[in-house]
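Chemist: Which chain is which? The protein sequence lines are A and B, in order.
This note's numbering puts the first residue of the first sequence at 219, with every later residue one more than the last.
This note's numbering puts the first residue of the second sequence at 233, with every later residue one more than the last.
Simulated from the structure, these hints should not be mistaken for lab results.
Hints are not guaranteed to be accurate.
Pairs of lysine-lysine, DSSO-like flavour, derived with a Cα cap of 27 angstroms [said to hold, decoys possible]: (1) Lys239(A) <-> Lys444(B); (2) Lys535(B) <-> Lys235(B); (3) Lys393(A) <-> Lys414(A); (4) Lys235(B) <-> Lys356(B); (5) Lys444(B) <-> Lys535(B); (6) Lys356(B) <-> Lys241(A).
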Amino acid sequence: MSVYTEKRQSLWLDAWRRLRKNKAAVVGLIILVMLVIVAIFADVIAPFDFTTQNLNAVLQKPNSTHWFGTDNFGRDIFSRVVYGSRISLRIGFIAVGIALIVGGSMGAIAGYFGGWFDTIVMRLVDIMLAVPTILLAISIVSVLGPGITNLMIAVGVSNVPTYARVVRASVLSIKETQYIEAARAMGSRDFTIIFKHVIPNTLAPVIVQSTIGVAGAILSAAGLGFIGLGIQPPNPEWGSMLNAGRHFIRDHPHLTTYPGLAIMVTILSLNLLGDGLRDVLDPKLQD
Amino acid sequence: MIKYILRRILLVIPVMLGVSFLVFTMIHFTPGDPVITILGETASQESIDQLREELGLNDPFLVQYFNYVRNIVVDQDMGRSYVTNRPVANEIIAKFPNTLRLALLGVLVSVSIGVPLGILSAVKQYTWIDNVAMFFALIGVSMPIFWQGILLILLFSVVLGVLPSSGFNTVQQMILPALTLGTGSAAIVARMTRSSMLEVYRQDYIRTARSKGLREFMVVTRHALRNTLIPVVTIIGLQFGFLLGGAIVTETIFSIPGVGRLMVDAIRQRDMLVVQGGVLFIAFTFSIVNLGVDVLYGFIDPKIRAQYK
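In isolation and in its complexed conformation, chain A is listed as follows (with noise of 0.2 angstroms):
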């Protein structure tokens, strides 16, 4: 047991050890870490409410009071993507976190089990990845209605087969070791086996998997509330607030720069830690 613990404890820490070499997925990290603590401390950084109209400030340019500006109705832009940095990031990682349970667990039975459920799985994934990620995520809001709790269902339900499929491929080839084996023969109840020993050894592709996966989640997300479907006004989420800042795109940019610029730097950090997991995670890439 021991023995086991310990070399577990070396991949991850020699993983880590590797990571840190890898400038391009540092940078993500800290811009990722960055923006987890401004979503946090929101409240504080913030120097306005985000709903707070000011009729006579109005369309401003940047300026020392308003750093990025002011929408249509005086809020102050800068404060409602610092806000917005928090429904955007709990929507990303609660989704891919119901993808995660809901899909890691089917396609962990699936592939371990195999049989007749492996089966009715893999049919419902190929039927799910028949329908376009966004287009799912759209029919399943359509059907549940706008909000944040219906919009991360959609997100999260519409990247199930993805992570299915993930764990199930890792599980099938990890359920041929002789770790496995050794467990079973040892008397290992398939329950133990499957959540003490399948599991945590699916985790290096399911982690990459995630990291980009919360990318893909944000910016459905994004893509949602931009074609009117997503988070409702007052909320700020940075794609309904490019929505609505496209109209005074003649006249004042700014109400869209900010927002996108947003997105993009979160979902380039999350790229390029992803990238960096992924080489330093993936046995294949490693030689």
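With the hints as your guide, set chain B onto chain A.
Modeler: Below, chain B without anything else, positioned relative to chain A:
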């Protein structure tokens, strides 16, 4: 080869039945009564009951589903829009050419930028060309298409005034939507082409080709590129699904009357038969494209051909 193609065609049928069942079930259990949507809140109980009977809404769920599929397969009938009372199939078919044209133009932009950029990056690995190309690819992957669309409008329509910001009839009107939709995808294709090409570059037959004294251009075009194609074609096929999805957003930005906009408007008006038809139609198109990609594999990869001889 024919056996392979037939097998792939047969696989589309259960997937499409599955998609139709999934979408029909979702829409069926959506809160709200379609009869009220059609007749309005003030309709009499008698007319509500009559229309419900006419639409078959009193039938059991599975009977309704079976009738829906039968009507599509036999009569190409997807029902009538709750709002306009026009046949859903006609509405979709009228708008579909725009969506398809947009997605195909997106693929064109994606391939014509992504593949050369990926090859160049791989051939010049670790040089400044590779670094610059991959930096832009990373930016392209990270940039949401709706923001990119807005920036393109700002630059080409507002500042330079050389391209229109809406419509989809003339070539000029198609440039910005195609660029908007295709650039992000081009970045993904470039990254995929690069990594695929680098993998091929490590193979012995490339070393052999070089040691025969072939020029680098010939090594790339005759030996490396062909073997790079399989994963690249896969990713282009997958990207088509992404582009069909992205077309919904792009249609919104540039006011293009396509299936995407039709669906978004239908969702707002709770016109669920149109939503249902739109999802099915796009899923069907995506499945056909994937089928085409699989058939293409057969032509590109002799190993697949050999399996079905």
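Chemist: So, for every hint listed, does it hold in this structure?
Modeler: Hints and how they fare:
no. : hint                    : verdict
1   : Lys239(A) <-> Lys444(B) : 39 angstroms, violated
2   : Lys535(B) <-> Lys235(B) : 15 angstroms, holds
3   : Lys393(A) <-> Lys414(A) : 12 angstroms, holds
4   : Lys235(B) <-> Lys356(B) : 42 angstroms, violated
5   : Lys444(B) <-> Lys535(B) : 26 angstroms, holds
6   : Lys356(B) <-> Lys241(A) : 21 angstroms, holds
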